[in-house]
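Visitor: Okay, here's what each chain looks like letter by letter:
2 protein chains.
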Amino acid sequence: MSDEIQATLNEMGRRARAAGRTLAQTPTDRRNRALSLAAAAIRTDAAAIAEANREDVTAATAKGLSAAMIDRLTLTPARIESMASGLEVIATLSDPLGRVLADWTRPNGLNISRVAVPLGVIGIIYESRPNVTADAAGLCLKSGNACILRGGSESFRSARAIMAALTKGFASAGLSPDAVQMVPTTDRAAVGAMLRLSDYIDVIVPRGGKSLVARVVEESRIPLFHHLEGLCHTYVDAAADLEMARKVVLNAKMRRTGICGATETLLIDRAVAPTHLAPLVLDLLAAGCEVRGDAAAQAVDPRVAPADENDWRTEYLDAIISVKVVDGVDGAIDHINTHGSHHTEAIITENTATAETFLNCCDSAIVLWNASTQFADGGEFGMGAEIGISTGKMHARGPVGVEQLCTFKYVVRGSGQTRPG
Amino acid sequence: MSDEIQATLNEMGRRARAAGRTLAQTPTDRRNRALSLAAAAIRTDAAAIAEANREDVTAATAKGLSAAMIDRLTLTPARIESMASGLEVIATLSDPLGRVLADWTRPNGLNISRVAVPLGVIGIIYESRPNVTADAAGLCLKSGNACILRGGSESFRSARAIMAALTKGFASAGLSPDAVQMVPTTDRAAVGAMLRLSDYIDVIVPRGGKSLVARVVEESRIPLFHHLEGLCHTYVDAAADLEMARKVVLNAKMRRTGICGATETLLIDRAVAPTHLAPLVLDLLAAGCEVRGDAAAQAVDPRVAPADENDWRTEYLDAIISVKVVDGVDGAIDHINTHGSHHTEAIITENTATAETFLNCCDSAIVLWNASTQFADGGEFGMGAEIGISTGKMHARGPVGVEQLCTFKYVVRGSGQTRPG
Chain P
1 MSDEIQATLN EMGRRARAAG RTLAQTPTDR RNRALSLAAA AIRTDAAAIA
51 EANREDVTAA TAKGLSAAMI DRLTLTPARI ESMASGLEVI ATLSDPLGRV
101 LADWTRPNGL NISRVAVPLG VIGIIYESRP NVTADAAGLC LKSGNACILR
151 GGSESFRSAR AIMAALTKGF ASAGLSPDAV QMVPTTDRAA VGAMLRLSDY
201 IDVIVPRGGK SLVARVVEES RIPLFHHLEG LCHTYVDAAA DLEMARKVVL
251 NAKMRRTGIC GATETLLIDR AVAPTHLAPL VLDLLAAGCE VRGDAAAQAV
301 DPRVAPADEN DWRTEYLDAI ISVKVVDGVD GAIDHINTHG SHHTEAIITE
351 NTATAETFLN CCDSAIVLWN ASTQFADGGE FGMGAEIGIS TGKMHARGPV
401 GVEQLCTFKY VVRGSGQTRP G
Chain R
1 MSDEIQATLN EMGRRARAAG RTLAQTPTDR RNRALSLAAA AIRTDAAAIA
51 EANREDVTAA TAKGLSAAMI DRLTLTPARI ESMASGLEVI ATLSDPLGRV
101 LADWTRPNGL NISRVAVPLG VIGIIYESRP NVTADAAGLC LKSGNACILR
151 GGSESFRSAR AIMAALTKGF ASAGLSPDAV QMVPTTDRAA VGAMLRLSDY
201 IDVIVPRGGK SLVARVVEES RIPLFHHLEG LCHTYVDAAA DLEMARKVVL
251 NAKMRRTGIC GATETLLIDR AVAPTHLAPL VLDLLAAGCE VRGDAAAQAV
301 DPRVAPADEN DWRTEYLDAI ISVKVVDGVD GAIDHINTHG SHHTEAIITE
351 NTATAETFLN CCDSAIVLWN ASTQFADGGE FGMGAEIGIS TGKMHARGPV
401 GVEQLCTFKY VVRGSGQTRP G
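The listed protein sequences derive, respectively, from chains P and R. Counted from 1, the first sequence has number 265 at position 265 by UniProt numbering; the numbering is strictly sequential. Counted from 1, the second sequence has number 106 at position 106 by UniProt numbering; the numbering is strictly sequential.
The following block holds chain P by itself, in its conformation from the complex (with noise of 0.2 angstroms):
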């Protein structure tokens, strides 16, 4: 069994080789009318995708599933209609391709330049949400990369029919139906042999919990772009505005608690602790978040609860807050440098060299003074969408979207020169 899903994931990564080397030279108006050709077709099939939905979920409340996975899992008309607006937005984007990131010439006048293409095959692997199945394949597409889905087993029907519109949409523009594929079967060997396509498949970005991400770091031989978690700081210094501070550091934790980019842990100067660590402690208290401090916070307020050296390490995703008074930046730099997760810190303060500082010092994707982290985001950046976030250091970081989904090659032209020595 295990061999048969094998072998069909390999037909499906040689097909998909192949439609990626001819996508990538599909012209720009070509992709993006496809991209407003499945938006169009999402819009048609919309009751048959609502219905597959509706049996999804029916299905997974059958099983027994939290009330967030099945928020998560859920269509309403509105993210149906989302969903087409996205591809939509994706097809107003700039072409990523061909773009041109160097040029010079050679003494010897050969020319080079650094021109951007695709990667080629890009694997996403996900889960409960349906709606990254047209996201996925859509940035895919308008980056020229054949794409290979594979999503969760509770999200499948859903998925199956938001991929059957798509497909048609694809069609109508003339594209092959191997550009985006999605893996035709819930069996979870089918994730083991996509991760085996190192031929095939030249990056694989998986979309979910940290539980579902560490599978896949574990077994892929195939690069990843991937955050395994979103455990970000935001430090108020001795120069902070406390105002400003209140604000952002309520907006960075409580705006939404279960994204990436939502502040876990406060690190305070101790230089203003007596005056700063109070205020806000308690405007946390008061939106309804646990707080759990070292000593000096559990002095604030009887709810403030110990932390442990765990909870320094701990991506909480909800409604608690670790707070930690440091000794200035350095402090702060080190605690980040040493608990963090390289993906998003934040600094509140009025001295710009400070500021610096910390910008330079800190080992993360994104570093933000004096604003929330939760802008960690490619749609806040400006980027249009994106297809997740990077902790690694390696090709993409930070958000990802079109333009990091493509690579680049060197393109010399001459005339006849020939390499003396």
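Hints should not be assumed to be uniformly reliable.
[Claimed, not checked] Heads up, simulated SDA-like pairs for lysine to any residue below, C-alpha to C-alpha not over 20 angstroms straight-line:
1. P:K247 x R:S415
2. P:K210 x R:D199
3. R:K247 x P:P420
4. R:K247 x P:T418
5. R:K247 x P:R413
6. R:K168 x R:R30
[Claimed, not checked] Ranges of calculated distance between the beta carbons of each label pair, as one might list FRET restraints:
7. R:T22 x P:D241: 27 to 33 angstroms
8. R:T8 x P:L285: 45 to 51 angstroms
9. P:D318 x R:G209: 51 to 57 angstroms
10. R:L101 x P:T58: 47 to 53 angstroms
11. R:L101 x P:E290: 38 to 44 angstroms
12. P:R188 x R:R30: 50 to 56 angstroms
13. P:G288 x R:G421: 32 to 38 angstroms
14. R:T22 x P:R188: 43 to 49 angstroms
Derived by calculation from the structure, the hints in this document are not laboratory data. Even glycine gets a Cβ: it sits at the ideal position worked out from N, Cα and C.
Chain P is fixed; fit chain R onto it per the hints.
Guide: This is chain R only, laid out in the frame that chain P set:
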């Protein structure tokens, strides 16, 4: 014993990570001064380096190593001087760190910039060429990366003597000895131990023969900048200038046959085979090149041996070439994408449209029009120096110079922005 080696490597990794964080913040002029002082130290220590090298060469000769290996191992006074001047050249390159790769401001006033920062820690695994010690250490230092070097056993004494000189130079500029470290044993288990340091090493660069690189590819859980082979092609199109083609093909194959940019397969458009095949093949034969060809090539001269399927997949690294007639540019692209190693390919043609098709459709790191494949080299590209050439698509592709030894971070500057909704 292997546990002890792993413990040693872990400790080296831990120190390298810390040293890398410091080096990332070390000003340009101090990094450049360290390079100049290391160059001076190599000159001062030239006699000691030469003596250590003599011991390596004596041992290698006694072991019966090939003449080519002995040549790669031998350090002449000119080669020692070349290491020193190479470090000085790296010192003159512009600083790759802190470059603002992109910068934009969002409607909400957030300023976002993408800034070049070091990758962190680079591991270099190499074989008999002792000069890699200085070249690699210099490129890593320039780009703010700590490095861990692991040379081959046959060049161990030479590499250790070079390393001693480098260490003195770097220390004179006040750099930590942990910034550039060398694995202190020739035990092969150290390579495996190094490849397990994924917490401490960000990228591994294997430099050496195919068997070394293949072993590293097989075992490494750390990303690599590498190429397994350079199976480069030159395609002579129907619209080629025959004189240019003769000159370029001869250079592409014969200038140096042992480098990765040497052409291994010559493809000729069927439309001009009757006129172009014979002069091209006869030139190669006259230059002492062994020619293995398809039926058409064999018909040119009795010295042309038959090529089999294996020849289209062989990187000879020698004065041997395979020759094949193909059906125009599409046939050439198809052959190259099927049999090639995605390294470097050239087309000779006077037809712009045909050239652009070739440049677009060959899925290789470097594609050239009317120039020799032997230009596949960081120095020839004007990058100053390279740590290697990558056929991977992730992060670095083609020559890997100091800019490719960098990653980036997003720096976001605000004035108290919080994310709505």
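Visitor: Does each hint hold? Answer for all of them.
Guide: Now the hints, each set against the structure:
| no. | hint | verdict |
| --- | --- | --- |
| 1 | P:K247 x R:S415 | holds (11 angstroms) |
| 2 | P:K210 x R:D199 | holds (18 angstroms) |
| 3 | R:K247 x P:P420 | holds (12 angstroms) |
| 4 | R:K247 x P:T418 | holds (7 angstroms) |
| 5 | R:K247 x P:R413 | holds (16 angstroms) |
| 6 | R:K168 x R:R30 | holds (15 angstroms) |
| 7 | R:T22 x P:D241: 27 to 33 angstroms | holds (31 angstroms) |
| 8 | R:T8 x P:L285: 45 to 51 angstroms | holds (49 angstroms) |
| 9 | P:D318 x R:G209: 51 to 57 angstroms | holds (53 angstroms) |
| 10 | R:L101 x P:T58: 47 to 53 angstroms | holds (49 angstroms) |
| 11 | R:L101 x P:E290: 38 to 44 angstroms | holds (40 angstroms) |
| 12 | P:R188 x R:R30: 50 to 56 angstroms | holds (53 angstroms) |
| 13 | P:G288 x R:G421: 32 to 38 angstroms | violated (18 angstroms) |
| 14 | R:T22 x P:R188: 43 to 49 angstroms | holds (45 angstroms) |
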